[in-house]
Structures are given as structure tokens and as C-alpha cells.
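Number of protein chains: 4
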Amino acid sequence: MTATTLKTVIGVMGPGKLDPASASDREILTSAYALGQEIAREGWVLLTGGRAAGVMEEASRGANEAGGIVLGILPDADTVNCSSFVSIAVPTAMGSARNNINILASHVVVTCGMGAGTASEAALAIKAGKNVIMLHPGDSAAAFFLELAAGQVKVAENVTSTVALIKSKLNLNG
Amino acid sequence: MTATTLKTVIGVMGPGKLDPASASDREILTSAYALGQEIAREGWVLLTGGRAAGVMEEASRGANEAGGIVLGILPDADTVNCSSFVSIAVPTAMGSARNNINILASHVVVTCGMGAGTASEAALAIKAGKNVIMLHPGDSAAAFFLELAAGQVKVAENVTSTVALIKSKLNLNG
Amino acid sequence: MTATTLKTVIGVMGPGKLDPASASDREILTSAYALGQEIAREGWVLLTGGRAAGVMEEASRGANEAGGIVLGILPDADTVNCSSFVSIAVPTAMGSARNNINILASHVVVTCGMGAGTASEAALAIKAGKNVIMLHPGDSAAAFFLELAAGQVKVAENVTSTVALIKSKLNLNG
Amino acid sequence: MTATTLKTVIGVMGPGKLDPASASDREILTSAYALGQEIAREGWVLLTGGRAAGVMEEASRGANEAGGIVLGILPDADTVNCSSFVSIAVPTAMGSARNNINILASHVVVTCGMGAGTASEAALAIKAGKNVIMLHPGDSAAAFFLELAAGQVKVAENVTSTVALIKSKLNLNG
Chain H
56 MTATTLKTVI
66 GVMGPGKLDP
76 ASASDREILT
86 SAYALGQEIA
96 REGWVLLTGG
106 RAAGVMEEAS
116 RGANEAGGIV
126 LGILPDADTV
136 NCSSFVSIAV
146 PTAMGSARNN
156 INILASHVVV
166 TCGMGAGTAS
176 EAALAIKAGK
186 NVIMLHPGDS
196 AAAFFLELAA
206 GQVKVAENVT
216 STVALIKSKL
226 NLNG
Chain G
56 MTATTLKTVI
66 GVMGPGKLDP
76 ASASDREILT
86 SAYALGQEIA
96 REGWVLLTGG
106 RAAGVMEEAS
116 RGANEAGGIV
126 LGILPDADTV
136 NCSSFVSIAV
146 PTAMGSARNN
156 INILASHVVV
166 TCGMGAGTAS
176 EAALAIKAGK
186 NVIMLHPGDS
196 AAAFFLELAA
206 GQVKVAENVT
216 STVALIKSKL
226 NLNG
Chain F
56 MTATTLKTVI
66 GVMGPGKLDP
76 ASASDREILT
86 SAYALGQEIA
96 REGWVLLTGG
106 RAAGVMEEAS
116 RGANEAGGIV
126 LGILPDADTV
136 NCSSFVSIAV
146 PTAMGSARNN
156 INILASHVVV
166 TCGMGAGTAS
176 EAALAIKAGK
186 NVIMLHPGDS
196 AAAFFLELAA
206 GQVKVAENVT
216 STVALIKSKL
226 NLNG
Chain C
56 MTATTLKTVI
66 GVMGPGKLDP
76 ASASDREILT
86 SAYALGQEIA
96 REGWVLLTGG
106 RAAGVMEEAS
116 RGANEAGGIV
126 LGILPDADTV
136 NCSSFVSIAV
146 PTAMGSARNN
156 INILASHVVV
166 TCGMGAGTAS
176 EAALAIKAGK
186 NVIMLHPGDS
196 AAAFFLELAA
206 GQVKVAENVT
216 STVALIKSKL
226 NLNG
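Protein chains in written order, with the working numbering: chain H, 56 to 229; chain G, 56 to 229; chain F, 56 to 229; chain C, 56 to 229.
So here's chain H without its partners, still in its complex pose (with noise of 0.2 Å):
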């Protein structure tokens, strides 16, 4: 009935596709889905690109057991490819054109590992006037978008951090 009826939003960015044999994607998943928890844990609306795949999957599947709602902006035309974890699900059609509407409605944007997609939302999200913070960036992605936008972009060094980011991030928007 007033402002507060609106949830706050969380969006969570990362590749579809890693290898859980890899260590590195291995951390990266592992901390996908922490930030999920943490997400919902906070009583915020974990966004993702709703597929069950990769990053999406692991923070869904976190943000699920902990309880939260998770939004699912998917670039399909039907739920088919779907995350079971996801509790509103929004198909699209618009394939890679829906990364836009992840970052538009999230108040702040997380990256969790990098590839084109995340590298395409992270950008436009800095188009946007968003604030992303990046976990498990790599070394040249961090170097170029916190040269690109230092003002919007903050690497952080895990999930504790990541969430405590966040919470500064939106009591500047607030």
C-alpha cells in the first residue's frame, strides 16, 4: 500500500556453463550459491537469468532452501529450460536482449564468475547507472571494467563481503 510493498531485488550474474571438475568453477558455483542464501537470508528477491544452468542454478538452489523468492528472467519463449529453484518465472523470447531486463530490475547487480553473457550484463548494467559488484572476476575483467566505470564497479573478495557491499549499495540508492 506505500513504497515498502516494493522488494527489494538482487540480480546474481554468471555463466551458464562450468565445470565442476574444474577448482576454479567449483569456487565459483560454491559461491553461487551462497550468495543465494544470503540473498533470501536478507528477506530480498534473488534475480537470475532463470535457467537451470551453472551460476543460475547454484544461486537459485541456495536462495530456495533458504526460503527466498527467486525471479527467473529467462530467455526463452516457456519455462522448459527452467531451474526448478526458481519460484516466478518470466520467459521472454528475447534471448540474450533479456540480459538488459536482469539488470534493469535489479537494484544492485552481482557478477559471480565472468563469460560473455555476464560480461554483457555487466557492461550494460554500468549503462544503465547500476552498481555491480564482481566476485570471481579474473584479473582482466576486473582490470577493465573497474577502469571502465570505477566509480559504479567494486571487486569483492567473497560472499560475506559481496553481501555487505550490497547492503552499502542500497542505502546510497535509498
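These are computed hints drawn from the structure, not numbers from a lab. Bear in mind that the values here come from a model prediction, so they are computed numbers and not experimental data. Errors might be hidden in some of the hints.
Since the list gives no way to pick out one identical chain from another, each pair is judged satisfied if it fits inside one copy or across any two copies.
[To be verified] Derived DSS-like pairs: lysine-lysine, alpha-carbon spacing no greater than 30 Å straight-line:
hint	residue 1	residue 2
1	62	209
2	62	222
3	72	224
4	209	224
5	209	72
6	209	222
Assemble the complex: chain H is given as a structure, and chains G, F and C must be docked to it using the hints.
Chains G, F and C alone, transformed into the frame defined by chain H:
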């Protein structure tokens, strides 16, 4: 954790510009409010176009006051014109192209009243193979859409029969 | 180098699925071909939905054979299903959400025949403030769209009167 | 009438905001103009983001003055901010989500200069499997995108080598 995690989403589409001084427009707004209430009571998520205007506003208010979740898919890049009864806002910055997302994200589409935007949503729903239930469409819209897709379109008498039709369509899909 | 660089774009929208065995469908296809020809002869760019099917294909063929430029705004991510008569293809990967782009990129919108996609384009055109000229709409569509927006919709008798109506609308806009 | 009807489209993506008082920005604008000219001379259609600003404007001016066709895919709903050197305007009303269309409609993507929008287009191009040629990307962008997709990304020394790279990529695709 299972497919039951995914919530049922019912889209209510209708004009943003209605005149409270007109008896027929007041009837549409009253139905929108009641539809929102019933959808929330059934445990479904209400999807609207998100703006604080007309059918979107009244349906959102109804669902909000009945304790439901309201998903607002906005044509805008931000939430400046978002209804205060929306719980989760998805700004798309896509203008009327977002109408197709409204359709794809709804398990069943209800139109309440009629206008150019509403007509585009009814047509896009038919194109996408969705079921459309029309409340207060007017004679010429009812005749046109029934002729276009008799198998997908039903004209409802009132809110109660609309909810009954939604249930029958959900069972068909389920 | 001046504003006159910008070419006039006329959109022709119509069903992709038509049956050459049906006399009324053949009439629609014949009109689409003639419309494409006339649009090219006037020096206008023809815009279609780009696919090698129905009204899109025949209008494109007409314009191509008359030496015109055909702009195909495809719902797909690639040109696999693109008409071979398209000169410039714009794959959007947006499905039916691309219908709104068809409308916005057209100075005047012509519908030829009627279907769910065509109806969505007529409605989106009205919503966007565009003029719509309808050829072979059928009685119920004509009645509905004329009631919806009498000032923006004209039903044309034939291709010749369609072209005359396009010219009068271009002069109003010009 | 055959597949040869379809014109080759080369996208040139770059910042809209550049400072003519900066020597490095002037170099980017000069390259954009020369790229537009060369693309037109090769008989290719130039695709840009359509606006009368920065790289979009200069590339369009170059192609226009060399007699070429310029396709402007605008983020806006109308042509108010369209470059006067655009021949065919496609207003999308989709904001930055139109960046994905820029990519899908280009046979080869050239970036000239670098910014958040340009970075999103490079990333979306990689995601879509397109070849990207980067002119004046800056060191950190070059390092990042080459690491992200070495097989799809080339950094060009100048306009002449950019055109040579475009030709080699078109032959690979053809």
C-alpha cells in the same frame, strides 16, 4: 525444490486510461479490483503491466490488499510510474514490446476492458497459444477475437465465472 | 546529408500461413505482391516481418521484382527462414516482441489479410499513434479496429486505393 | 530473387559521447568516418546505433558521403535523435536491449573506441558467435576480450587492416 516451486501466474490486462466518471469504466475498475483479490486468494501471482493507472492499479490494489504477490512488468526503464501495490517490479525499458512478455509469463491471460494495448495483448496471447478470458470486452472485440481463435478465447460474464474459467484452463495445462 | 536522406518505410503486415487453394487467401497473396510492387515503384522501402511465408514473402517478391529495397525484421536470431527477396535482414531473436519494431519503423502500416500476429500489429500501431490501412481485414476485424480508433484506421477497397491512402497519410505526417 | 539479394551488413559500434578536444577521441572519430566510407565503397550496408552522436554520427556521415546505405537501429521510439546521414531508420523503443539486434543484424561487428555500450555489444557479439574487430579499444579492453574469446576477437591497427579483416571474416562465413 521440485516443479511445485514454480508459482502460477495470472495476467490481468486492461486499459490504463479509464474515466471514473463513466459508469462502464467504473464497472471495469471494480472488476479489476475484485479479480486482483480473487487471484491472490487462490494463491496465484498477479501479473500486470505495472503502472499506477487504470486496470493495472486496481487489480494490483486488490491483490495487495488480499495479501498476494503482484508482479509488475513495466514498459519503463525505472519504477517512477510503478503502482505502489506492486511487490516485484520488472522495468523493461521496452515500451509496448513488453506486452509480449506479459503474455509469455502468464499461465492464463485475462483481459478486463479493452483498448489498443489490451487488444495487442489478446492477439499476442492467441499467437503464443495461450488461453484468453475476456471480461467487459465490448461487442465488437468479443466478435473479432472469438472469430480469430474460438478455441482459445472465452468471454466471461463476471469475476466469479472468470475465476472458474481460469481454473479450468489451468487444469487443462497442468 | 540532409533530412531527405531518410527513406520512407511502408510496413506490410499479414499472415504467414495462407492457403493457395483458398480463393480468399489467393486474393490476399495477390494483393500482397501488388502492394510490394507499388511500394517499390513509389521509391519507398518495403518493411515486412522477413520470413519466406505468406504475405511477407509475396510483398517482398513484388518489391524485389520492381527493383525496390526490402527490409525484413525477423523474429528469429538468424536468416535461415528469411525470404530470398529481402535485401536487408534484421534478425531480432525476439519472437513476436519484434512486432512492435515493425510498427515503429513504418511511416504507415498496411495490413493485408488478418491473423493473430497481424491483429497484434494493428493494435500496436494504434497504440503507437500510427496510421493503419487495412486491406482484406474481414468484417469483424474491420468493425473492431474502426471502433477502437476511427481516426487512425482506414479500410481500403483495393491496392490502388491503399497506395492513395498511404500518400495522403504521408502528407499529413510530412 | 536469389540469396545474392541479401546485402552484407557491417556494424560499427562505438561511444556516442566523445570529446573533439581530446586527441585520442578525435582519432576515434576520424577512424569512424573512414570506416563508414570504406564500408560504403565495398558495397556493404553500414549498421549503427542510429543516433546523431559520436562514432554513430561519423561512421554514418562517411558512408553517406560515399553513397552507401546506412541502417540506423535506434534505442528510441522515434527518429528525433536520428543521424541525418541514416538512410533507413529502425526505431526500436527498447533502449540498450536493442544492442543485441545491432549484433544479430551485422555479418561482422567492428568496435571503434570503447565505452559501456560498446563493451556490451562486443560481449553480446561474442555470445552470439559473431566475429568482432576492435579498433582503438584501449589496452585493458583488448586484454579482456582477447582472453574471453581469442578465436572471435581481433584487434586491428587501423582502418585499412580493419577492412581486410572484415573481408577475411566474410569469406569464412560465406
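Hint by hint, which ones does the structure fall short of?
No hint contradicted; all consistent.
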